[in-house]
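Asks: These protein sequence lines are chains A and B, in that order. When the letters of the first sequence are read in order and numbered with my numbering, they come out as residues 1 to 169. When the letters of the second sequence are read in order and numbered with my numbering, they come out as residues 1001 to 1671.
In short, the hints are calculated from the structure, not lab data.
Quick list of in silico lysine to aspartate or glutamate cross-link-like pairs, DMTMM-like style, CA-CA up to 20 Å: (1) Lys-5(A) - Glu-1197(B); (2) Lys-51(A) - Glu-1668(B); (3) Lys-1595(B) - Asp-1406(B).
Listing some non-contacts, in silico: residues in chain B with all C-beta distances to chain A over 12 Å: (4) Lys-1191; (5) Gly-1200; (6) Gln-1274; (7) Gln-1284; (8) Tyr-1287; (9) Gly-1337; (10) Gln-1372; (11) Leu-1512; (12) Leu-1525; (13) Leu-1644.
The C-beta atom is built at its ideal place from N, Cα and C for all residues, glycine as well.
Spelled out from the first residue to the last, the chains are:
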Amino acid sequence: MKNPKPYMNPYIAGVFLGLVLLASFLVLGAGLGASSGMARIAAAFESSIAKSHTLSSEYFGKWGSNPLNYYLVFMFVGTILGGLFSALSSSRISFQLEKGKSASAFLRIFFALSGGILIGYASRLAQGCTSGQALTGGALLLTGSIVFLICLFAGGYLAAYFVRRQWND
Amino acid sequence: MIETLYSLNILDTSLAFLISFVLGILFGIALEKAGFGSSRRLSGIFYFRDMAVLKVMFTALITAMLGLMYAQALGLIKIESIYLMPTIYVAQIVGGLIFGIGFVMSGWCPGTAAVGIASGKFDALICIVGAILGSILFNETFHLIKPLYTAGDQGVLFLFDSFHLSKGLVAFLFTLVGIGAFWGVEKIEQKVTGKSEYLGSQFLKTFSFVLFVFALGLMFISGDPSKSVSLCPFLKQTQPISLSSEQDLLQRVEEAEDHIEPEELSDRLVSGSQGLLLVDVRPQNEYSRFHIKGAVNILLPDLSVQLTAYKNQGMVVLYSNGMTHPAQARDSLYRQGFNNVYLLTDGLDGFVDRCLKPVSLRSEPVPAEFTQKINEWREYFLGGTEVQNNVEELSKLTFKVPALIDTQWLSENHTKPNVKILDLRSQPEYNTSHIPGSLAISPESFRGVVKGVPSVLLPAAILSQQVSLLRITPDDFVVLVYGEKPHDATLVGMVFERLGHKKYGVMNGGFLKWNKEGKSVDTDLPDINDSVYLSNDNDNVTVDYKIVLQSVKNKDAVIIDVRPEDYYLGKKSDEARAGHIPGAINRPYTEDIAKEELYSVFKPTEELAKDYQIIIPNKDSKVIVHCRTGHQASQTYFVLKNLLGYTNVYWYDAGWTEWAARKELPIEKEM
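All chains should be built: construct the whole structure from the sequences, respecting the hints.
Replies: Shown next, in the form of structure tokens:
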């Protein structure tokens, strides 16, 4: 395998990302999003196990019997494919569990899973994640989105110390 | 001007899906190129070793923000064409904190984890699995967390409104903070890791300068910030050119061009002037106590939305008791581009005093001509009743009539201007003989296919237009006259339920009883004045299959299937499946009707009350009625809610037609 190419200049990457977001505003009339598409997949998954229970539940129920029929689901799938395309062309694909060298795999898996659960839960509560709330709403100068952004970093820095061992080399 | 897929309401089409997919690909490329396919790099920001997240995110945020503002300033797009998320303080604070903890634990967020999966990272996959579980957990605990979900809801709130600053200034400050942050984090990186790629570099200097210039330029393009303080400049840009709108506004105020005198309003209303929308902005209880005939009730916060259809169309007149609130509302609407909003001089108090006060109570001499006018107005606005001296007494004039009207009452009242009679028989029957002043309308004209479900009541916006064409105003008392089928009248009753129009009744016995009793009929078409019936969806009684399913599961409602017994038992069927909703009980709608020789009437209330007492535990019990298409069930709804006083009755309009066709819904056969 070839050596991975270096990352793009973060400021240039930021401009690129900002232009994608701007295009999304101008064409879709809505910003970028990831967690909504993911939650729709969760609803479809729950629905495949317990259909009438999911349909009658108050939150997922309002998405109807075909929750995947939603533009952000398509965006989410596109995001994975776009990532794949870029990672392939930059030779950055490597199958691995990313962690600190001296950290145990179990610890990393535990943190990834429980962190994931918190992310899934919190993004429903706040109606969006880093993409749909912080980035999109921030660019629209929406007060709540910027509050979310500040609290996101506050929560991260507060907890960082307690989960640092997973990155120990 | 760009119309977005959101503003065209086509975000749910395959075109939108395709575009979203393409944008998703670009999004994924951008994230991956930035190096966000690595949790180690992402989490670096929390340990000050790699601040790329902040650099990329703030650059993207500022780029999109500036780009969007230029697009607006150039008139390319309106902010209303973009979906704006509400600010919900508590949910976003708590959600943000939890999200941040989850972010630093997992090293991912949903978008970057998607890219992580594409890059072969197992921890990204685990994180997504966790996030899916977390979403399901949210759904399962929604009933517990619901108060938090909406706590601190402010609606759409912009940062510049929160701080009462101009949009351009906030964008400029935001950009400055961003540039400061870029330099700050480069310094941090140098301190922690010993090297910084961009600190003091020509690149970062140029980049910062370019952002600065763009942000500064915005302040000039979107106007002097000091002038637009505390306004909502986003909305300002939607106005037609020839700006200096504040001056225009003040000019109009100076020339009192924005006022309408009560006398002029009265004349216009009495003569049935078209294109005039009179809006009462007082609280609902005051409105229902008394309002000027023909006025609709819209609360201040809802004005700009509700009046969208009337923007610069005809004339909108606002009134309250006094002048302050309508004046503020008018100013705000003016800034949003409404040039046709007027105030009623002296408000409601002035109107009553100047137009409705009887001549005998006036201290000044009144010329004969004006006396005649006052009487005319009083006749129109007070319905020709005896002298009333103040607003409190006016309120007594509102009709108090039972839901079931007898022919005698109608023959005494059918000529009153605010009694509107709808004849629901076929057109030939109406043409050959009808109650004087009544209008023919087919109950079926209020139904149609809505989102693929056949024969359901149309949305309130369409119904209100139809009702406008029938020259019915929100103040009218509507009398529904059926031919042979009482449920024709109750179905049309549901139209008025949906519009929140409580003043309607069904004439017991219908036209055939009226005719048999030899009451007056004619063959003339009545004279019609157009009316404006504002679209108000006040429907809180129609339920969909999800709510019914919930009740089936929780067993918290009496479900009454009003179809004939054979259909209930599944012996006969015209639908996809035969049988009934699990737990539903059968009470055919025909049981509530007695057949006289020539016509059908509702059975005596006492008899109905006795029957339903057996079926429904008490008056507050939740009841859902349904039939095949909602037609017959409307009659049972009417009996329960309007005749017997059950308070918690719901109408499953789509009914068995839909339930049978949705194969995932449970059914029962026989008992």
